[in-house]
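Peer 1: One-letter residues, chain by chain:
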Amino acid sequence: MIRNLLVSTLLIFIIAAGCKEVSSFQEPLDLSQIAYHPNPVPIKVPKGFPQLPLVNKNPQTEEGIALGRKLFHDPILSADSTMSCASCHFAHLAMTDGKALSKGIDQKEGLRSAMSLVNVAFYNEGFFWDGRVKSLEEQALLPVEDSIELHNSWDQLVDKLRTHPEYPVYFRKAFGIDSVAQIDKYMAANAMAQFEKTLISANSRYDQIERGEEEYTPDEKAGYEIFFDDSKELPDGECGHCHNVPLMTTNEFLNNGITYAEKASDFPDLGRGGFTGSQFDNGKFRVPSLRNIALTAPYMHDGRFKTLEEVVDHYASGGHYSPSVSPLIKPLNLDETQKRQLIAFLNTLTDLKFVQETQQSEVY
Amino acid sequence: MRKLLILFFIAPLFVVSSCDKEPEIEIVGNVEVNLKANYDGEQFMTQQEYVYTSAINVKFTEFNLYVSNISLLEFENSTEETELAEVDFVNLSFTTDQATEAAAGYDLSTKKVPSGTYRAVKIGFGLPADINRTSPGDYGNGNALATSTHYWASANSYVFSKIEGFSDNNGNGIFEASEDEGIRFHLGQDEVYTERILFPSEPIVVEEDGTVNLSLNIDVKKLFEISDITYDANQDGLLDIENYSSSREDTDDPGFLVDRTIMSNYSSATKLNQ
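As given, the protein sequences belong to chains S and A, one line each in that order.
Going by the working numbering, the letters in the first sequence line up with residues 1 to 364, in that order.
Going by the working numbering, the letters in the second sequence line up with residues 1 to 274, in that order.
Hints listed in this document are in silico derivations from the structure and should not be mistaken for laboratory results.
Quantities reported herein were computed from a predicted structural model and do not represent experimental measurements.
One should not assume that every hint holds.
[As the list claims (entries may be wrong)] Straight line, CA to CA, 30 Å or less: simulated DSBU-like cross-link-like pairs of lysine-lysine: (1) 108/S x 57/S; (2) 221/A x 112/A; (3) 122/A x 263/S; (4) 134/S x 122/A; (5) 122/A x 111/A; (6) 221/A x 57/S; (7) 103/S x 232/S; (8) 134/S x 160/S; (9) 134/S x 70/S.
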């Protein structure tokens, strides 16, 4: 009898405990008791960099950045929890992945290489190689559902975030939500955009020289003069037209003559034209920043050039004909010494402090 | 005595209140300024083939310019100017699949001006020295001067105007990206800033809350008119575009004359219509 009573009591306890667990799982978690005091962290605009819009619909906060950093590095973003944004954007490679074409969770190769995220806070002409989205917040929404990239669905991911042991608190602290039901994809994307906007590189050797803290070597100086056409004795490398200071990009979409195409429809990747629908944009791609360029091999939208030497050889040759090629592409008449000097200058654009600091902030 | 006392206190109030003049209400109207481009009378569009000389056709890919100090003058030699706009960036690089946009041109952002009669319009092509001393980092996002596409760090100058494209020098029908077939004019520096005063056929009468439309039309072909035999060996009045197809940044470079001429030609190439 006593034994039966003990067993029954134990059973009731087990059922009760089980019921309690199920109940707590299903009830919306009340987050309103957790303090919500977001600390604004305005983006520090380096001297000479473009000013940012006065009105920011997604203001940076310490808590938003922390959430964004966590999400950016968390494989929870992908359908099989194996990949995150950070899987293709490594700090030591200046937020690229070192591959010609990036692979997603299904080991499918994408059409284009992973773009660097350095200084994306200052991009104002569209994101991705073809500029198909206008803001970083919109950009952050797309890789999650891209079948070649993270191949997830936002509905599924948001469900995981809502039931996660840590994320609801992060979202509460970042956005002041009262219940997990308020977590949505836009908040997640805003947080990731906030984190990405902190990836600012402005302390390369070039920057130190510009600030008067260092001096160019003779080769670097000659390379600078070729790059910006700053010497009558040296040929014009024509580089500065599209890779202008301070970002080392003008944020334009141009065809730099890497692909021969007799007709506008002949490009294997239409690039900008695939988004705008204009044949005149076929073969045009975003002009990437050359900051940290020594770390971001291979080069071009499809990673066709393995080294900076190959890149310089391409430009020196005058490129290939196509209907949309930029008139700025022409043979450069650079000799081997001048090519080497140009690369010496490009190497001054590496910002190791940025790499170190970004590596230290990686959370996974 | 009582009446005197009342008068003593009330009179100053009248005096004070009469001193308080009614605030002057400025009567203003709108002047809308539109810019568009043509090529020898045809609507200008990039990617469109045009006849340059009987032997050479050209096709442009980019055409834009800064305009500045746009103002109205009450009479020809007036030193008083009524500012319509300080600086604007006019991009007329509409392609052939943007014919509607090309026909519409570009509307400058203008300020309201006091109503009245004006007899001239002043416009600067490029940027005056005080503005040209600044750099894109000095301006907020969205400002016409904040873009790095039109700034030379090495020359500390904005690029006032870009004219890019191709000339089919050998007549093979292909516009090649080569040394001699690319047209690459990036024009700038203080020395080439050009101002022009344009006179409308009728006075510009701005009425209270009324709107006057002014239309400026730039003939791109006229930008290449040159009389110097060094640069016009063919003596057809046009720059030898097969030999001089890119700008010279250095002001002491003999070729800088071409830059100066093209910028100066904005003056004669621009017509004002009401």
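Peer 1: With reference to the structure, classify each hint as holding or not holding.
Peer 2: Results for each hint:
1. For the hint pairing residue 108/S with residue 57/S, the CA-to-CA distance comes to about 35 Å; that exceeds 30 Å, so the pair is violated.
2. At roughly 33 Å between alpha-carbon atoms, residue 221/A and residue 112/A are farther apart than 30 Å, so this suggested pair is violated.
3. Taking the CA atoms of residue 122/A and residue 263/S, the gap is near 45 Å; set against the 30 Å cutoff, the hint is violated.
4. Distance check on the hinted pair: residue 134/S and residue 122/A sit about 37 Å apart at the alpha-carbon level, beyond 30 Å; violated.
5. In summary, the hint linking residue 122/A to residue 111/A is supported, as the alpha carbons are separated by about 15 Å, within the 30 Å threshold.
6. At most 30 Å may separate the alpha-carbon atoms for a hinted pair to count; residue 221/A and residue 57/S exceed this at roughly 45 Å.
7. For the given pair, residue 103/S sits about 46 Å from residue 232/S by alpha-carbon distance, which is inconsistent with the 30 Å threshold.
8. A threshold of 30 Å between alpha carbons decides the hint, and for residue 134/S with residue 160/S the separation of about 28 Å falls inside it, so the pair holds.
9. With a CA separation close to 24 Å, the supplied pair residue 134/S and residue 70/S stays within the 30 Å bound.
When held up to the earlier numbered hints, the structure conflicts with 1, 2, 3, 4, 6 and 7 and fits the remainder.
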